[in-house]
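Letter by letter, the chains look like this.
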Amino acid sequence: TQLLEQSPQFLSIQEGENLTVYCNSSSVFSSLQWYRQEPGEGPVLLVTVVTGGEVKKLKRLTFQFGDARKDSSLHITAAQPGDTGLYLCAGDDSEKTSYDKVIFGPGTSLSVIP
Amino acid sequence: DAGITQSPRHKVTETGTPVTLRCHQTENHRYMYWYRQDPGHGLRLIHYSYGVKDTDKGEVSDGYSVSRSKTEDFLLTLESATSSQTSVYFCAIKVGRLQETQYFGPGTRLLVL
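Just so you know, the protein sequences line up as chains X and V, in that order.
Residues 2 to 115 in my numbering are what the first sequence spells out, letter by letter.
Residues 12 to 124 in my numbering are what the second sequence spells out, letter by letter.
Which stretches of chain X does chain V cover? Using the computed rule of at least three CB atoms under 8 Å from a CB of chain V, they are:
hint: 1; region: 38-49
hint: 2; region: 106-113
Okay, the calculated bits of chain V under chain X, using three or more residues with CB under 8 Å as the criterion:
hint: 3; region: 50-62
hint: 4; region: 113-121
I should point out that these hints are in silico values taken from the structure, not numbers from a laboratory.
Here the structure is a predicted model, which means the values were calculated and not measured.
For every residue, glycine included, the Cβ atom is placed at its ideal position computed from N, Cα and C.
Could you build all of it, start to finish, from the sequences and the hints given here?
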């Protein structure tokens with residue numbers, strides 16, 4: 002069974018600071034996604050990374066997929082209160098059972114203080 | 012917004028009673044999923060559907076059943092609710108070619124007393 006771990010579990014920072022959150026596994030994933038979830042709402046897809054070593058930028062957010070496709074990081078530059086939320090990583094099950102399946106990490110809860 | 016709604020949004024029920032949650036989509040996507048989200052566990056797949064009347068179990072399916080009689084509706088039933096089923100339930104659909112691209116509904120918060 003493939004598992005995804007995320008760190009840190011909780012992060013509280015001041016507005017304007019930079020931060021990085023991590024998503025790690027001992028298994029290889031075909032692709033990996035990052036979602037952001039705000040309180041009382043469903044997760045919203047931010048990005049999908051597919052190629053080992055790939056870097057994608059979304060405004061102040063930078064996503065990187067590890068060369069071995071076992072880990073990923075999300076870096077936020079100059080965090081703003083609107084970045085507050087739960088950040089989830091998810092990977093597709095490369096062991097390919099009989100159904101389409103996405104595995105989710107437990108999330109990093111980010112709080113950006115004005 | 013991928014046109015996903017869930018009902019009810021909040022529900023309080025008693026142990027032993029049956030509960031049905033509804034997920035409705037407006038765009039005729041084939042794949043639909045039910046997840047539960049609990050602190051420290053992330054999202055865990057309960058059941059999924061790959062077409063009308065075609066469903067299969069996920070990793071935490073015990074105590075749950077599903078039905079999909081129309082493309083647009085995917086129902087999740089707790090046959091006899093237990094306190095361990097207190098959770099937030101999310102429906103999701105797969106959009107497009109990539110199986111990992113899922114869009115989520117707003118969630119149903121269920122409390123079993």
